[in-house]
Amino acid sequence: VVVTGLGVLSPLGADLTSFAENLLAGQSAVAPVSLFDARDFNTRIASEVPQAWMPASTVDRKSEFALRSARAAVAHAQASGAPLSGGGRAGVCVGIGLELFSMPDMVKWLEMEAQSGPSLHNPADDFLQTQADACVHDISREHGLRMMPVVHVSACAASTDALGHAFRLLRDGEADWMLAGGADSMINPMGFAGFCKIQAMTGRNDDPQAASRPFDAQRDGFVLGEGAGMMVLESLQHAQGRGATIYAELLGYGNSFDAFGISEPHPEGKGALLAMRRAFADAQLPAASVRHVNAHGTSTPKNDPAETSALKQLLGEQVEAVSVNASKSMLGHLIAASGAIEVAAQIACANKGWLHPTINLEEVDPNCQLAHIVGAPQRWQAGGVMLKNSFAFGGQNACLVMRVG
Amino acid sequence: MDRAYEPTTGVAMSEAATIVLTGIACTEGDPRASPAVNDWLASRKSRKYMGKQDELAVMSAGQAITGAGLRGCEALSGAGLYWTIGHIPFERAEIEAIARKSLDPHAQFSMHHFATEGIEQVNPLLTFRCLPNMPAFHISLNFGICGPYLVSYPGIAQFYSSLQQACRDLRRQRVVHAVVGAVADQYNFLVDFYFQRATARRSLHRKDAAGCLCLELASTARSRGATVLAQLSDVTLGYDPDAPAAQAGAAASCTDLIEGLAQALQRADARYTHRAQSLDYGQLASLWVR
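Line order of the protein sequences matches chains A and B. Residue 355 in the numbering used here sits at position 258 of the first sequence, and the numbers go up by one each step. Residue 249 in the numbering used here sits at position 242 of the second sequence, and the numbers go up by one each step.
Treat the hints as calculated values from the structure; they're not laboratory data. Some clues are possibly wrong.
[Unchecked claim] Okay, derived cross-link-like pairs now, EDC-like style, lysine to aspartate or glutamate, Cα gap no bigger than 16 Å in a straight line:
1) B:K55 / B:E98
2) B:K108 / B:E124
3) A:K205 / B:E127
4) B:K55 / B:E101
5) A:K409 / A:E365
6) A:K399 / A:D304
7) A:K294 / B:E101
8) A:K399 / A:E361
9) B:K108 / A:E361
10) A:K205 / B:D176
11) B:K108 / A:D202
12) A:K399 / A:D317
13) A:K399 / A:E365
14) A:K294 / A:D137
15) A:K294 / B:D249
16) A:K449 / A:E118
17) A:K294 / B:D111
18) A:K409 / A:D462
19) B:K108 / A:E208
20) A:K294 / A:D317
21) A:K449 / A:D112
22) B:K108 / B:E127
[To be verified] Partial selection, computed: residues in chain A whose CB lies under 8 Å from chain B:
23) L207
24) M209
25) R243
26) M245
27) Q493
The beta-carbon is built from N, C-alpha and C at its ideal position, and this holds for glycine as well.
Bound-form chain B, shown alone (with noise of 0.2 Å):
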């Protein structure tokens, strides 16, 4: 399992294809009470459909995006859209109103009630807030990309496949833009319980947060003068799935890797590397920047 923490050649860029970072963006905390997250929205009234991961995500994919001097740029149309999605994103007040109202006089759950009474304690709107593909959609919505894009969930090595994914895009001049990014809202109610059922879980550093990352070739960027914050070297995955599973791992790590990788650049360290290791299923993944 090692070799996942050694650069590949057969992963590494090329000085043809050569990918570079020009944005990139965290957003920490709950937003649902901020004025902020509209400055991202074409319409405020879209927000009403929004749940806390559709707004971090929208908030970390504006600023990256507009410190790459995309937003609102016509090649932005154009551009992949990678993300990563984190657990189940229900609400325990929600749940709590569907739940008081679906109980019988004996205070049993009754699917009479649930059906009858439960549900009506809700917005329709919930169902959307609830759809892991909705992060995307609203990053869609108000930036106007119109892909292609790899939604995936849930956790950092699918954000880790994404990146790859995406580097493959790039150089295979498949898209010329790619907006890479993860969020997680890991003080929901669900994911405490979750979390509750595997033992290495319990002691797990979680967010509510949300990172972002622009990418492109490095001819691109040098074109239309883009300012290059880093270069990335290499991405490696490493995958076990015979590995004792649960060892930890939550989509926050993919905020980790982008936080990390800001402070490194805000530091201007030479050379950032980031490790995910303690994930399911045995799955490693690294990201070398220079």
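Only chain A is shown next, with the shape it has when bound in the complex (with noise of 0.2 Å):
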């Protein structure tokens, strides 16, 4: 199974080119929110795709995200080769967030059912955002997929889920092409105010382009993210049929529960260890193969040693070897669409000979010791394996083995 095409709407760049130059260069996306009045929350810093990207119309920007990264992927798949055709064996299947509302909406519906009684006419009845379903649904249509469409919601690990399914489908001889990835935006006051609630965030909001460090002694919590990044993974018969570019081969996939805790992960990351395993006899690897991870790396204080014990435990003396990153330093935490992102991020690099840096890591937990890139771009060999990590609340983990470059 094979990736042939990448779309993303990121906070480092629209476009693949701008995004994997602005991950090379280290540059975090991290500023104060624009996005609502922030100036009361503890967390008043997030990493936000700049509104000058957006159109002024948008009613549901995690939905926007993923038909336009969705529409991106499927451009850059048919850049070269013939061109895709959807059909009944082709689809779609992303990773999403929580649907939320307009608190300000919701108090002016509030007060006019409590005046008028409930109405189905309510001027203020754009509280809620688009059904977050929505939009597999208007990509399916866009570009004629005919298989059902499947929509993950386990969380931070969706849309690594929503990649492992598509491949599962494609490897099965179930599709011969598939749209995967994941959308999400959790950039409003209800978002802000549930993380925020859990102290899940930084507080470092004075020095937001160094609050997001993974990894580092003195992180306090992440960044949140949004945006989207798509893929088109095809049967590689499929690919070589149409003559379509390859930039990686998806490998292996394995999930886990932790079974364990609601908010913080198994401290030896027993759950993300048996996700990995699985991933690594899922493709038929010995983990011994690896040569990269791609970490979750939330830089909260529990899950940074906990996935650090997970790959000692899983690489054994190798670990020190195997080349570490976060793309979550500069990008923040996109939630549900963080573990599509974090792979086009690795794609796109690699398939220019590096990985890039994580930023902010300045002095490494002792409890976090890896081969971490810090500093500069590491070269990256064509054809190596690599390790995709995503966790999420409710100890659901998800992994992805892949060749890339």
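Build the complex: two chains, separate frames, hints provided.
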């Protein structure tokens, strides 16, 4: 199963070229929140897709992100080779975030309902954003995809699960090509309030670009991000048949539950380790074949050491020879979209011959000692095996093994 | 689109990979005041994190897993969990409490009041109760299931997709047991609001409900001496994204399927077919059971 097209709409670029260049330059997208007045929240910074890149008519940001990145992925896949055709052996798997609502509109609606009773024609009836799964049907319609779409909601692991699911459908011979990835935006008052309440986000408001610091001793929480990453996946035969350029090969997928804690990972990364092992077993490769890990690396106190522990158990002494980077240091945490955008980041950079660094990693936490890429990009040898990790609240872990470049 | 209602040889189970049902359960109503939920919890403390969907999901999964003779079995650890979640589980009382404290002196929404007083009205656990992956988390925690998993959203088409994926995973021996279910909190005020917006949805039969199936290969059931309740003959899906949207449909239809199947089993029907037709975006699905 091969990747033949990538589309991103991210805080670091609305096209693949600028996205990869900014990642390799170690550019942070984190800045004070501009989408609403966040001055009274404990966290006041985020990694936003610039408003200038969005149409003024946007109602639901995550749906807009999904549609545009899907369109870009298909265009990228069709830049070489014969056009893709839709039909019953093509479909879409998307990881998507929680449906939220506009709190100001909700207040108006509750007030009007209290005054005049339930109304079917309430002028404030926009308070619900677009139904979260609507974008998969829009994508299917636009690209003529007739397989039943699948909407993954495994939180921060959702888009990695979507990629893994599409990979399985292709490898099982159920499809010829799939669009897969994720989209999310929780940069709104309700989303921010929720994460502030559970104290998951950083409080480093005065230094936004240094706020997301995975594996660093001074990390204090994640930075919320938004955006989308979508990919065209094809069976090798289908891709070769139409003469497509191949950017990566997906080799294995595994997922697991921690069955442990609601907000914290198993401290030794038990569930994460199980997902990694399942991914390598699925790829029919030994874990020792891996050359690089793109970590989940949230910059939260509990995730990063648990992930480090799992990697050390997976790789043993070899862990010192396997490079590790964390895209969230620059992009922030795109929640349901994080896995897909970070896979796209690895593929885009590796196809230029490089791996991007983890920025803000100034003093590695003693419990997070790995072969981190810091300071400058690191050379990538084409054809090497990578591991991508994504872990969610609720202990849902998804991992992909891929060959890139 | 009619072809979606015909059994297809492509998905039908061969004799060597026959998939059987060994556990089934449905739970309906609001369980929040019920002590029965506690019977299924590894730790009662975890209940404070649970919303209505979480409790319904855990109860139905517990009953189905117990019925299948799998509760406490080591084999359950590697079971696949395929769970479909219904719409938006925010509770009105909590949102109203936030809204009341988010007003300025002129009774207008104020971001300052929202950020400083409004959000203080709710327990931090609200965040967890509203995440769509939480029913799956609570099932995994309370029954020791480590997956793999597929957590999908929000309606019966996704349930059918999950069921189909569970069958693939069983046949390809990626899992030995599959726990397949759905849950919906449909007497929720946001679901009310959402349904009001689409004319065709207003008259829908709605429920707060969850349903769960335990599936395995016939050879697995035979080797462990499990009682076979039914055999899955086929699962078919059809999809036309150009079909008119919003005809009807909601996650309760998943539980209708399971409830209907349970009733058919009680009646000892030789064959049971569930067809889900009235779904958004031309999604059609059918299940054939012997």
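Violating hint indices (sorted, rising): Of the numbered hints, 3, 6, 9, 10, 15, 17 and 24 do not hold.
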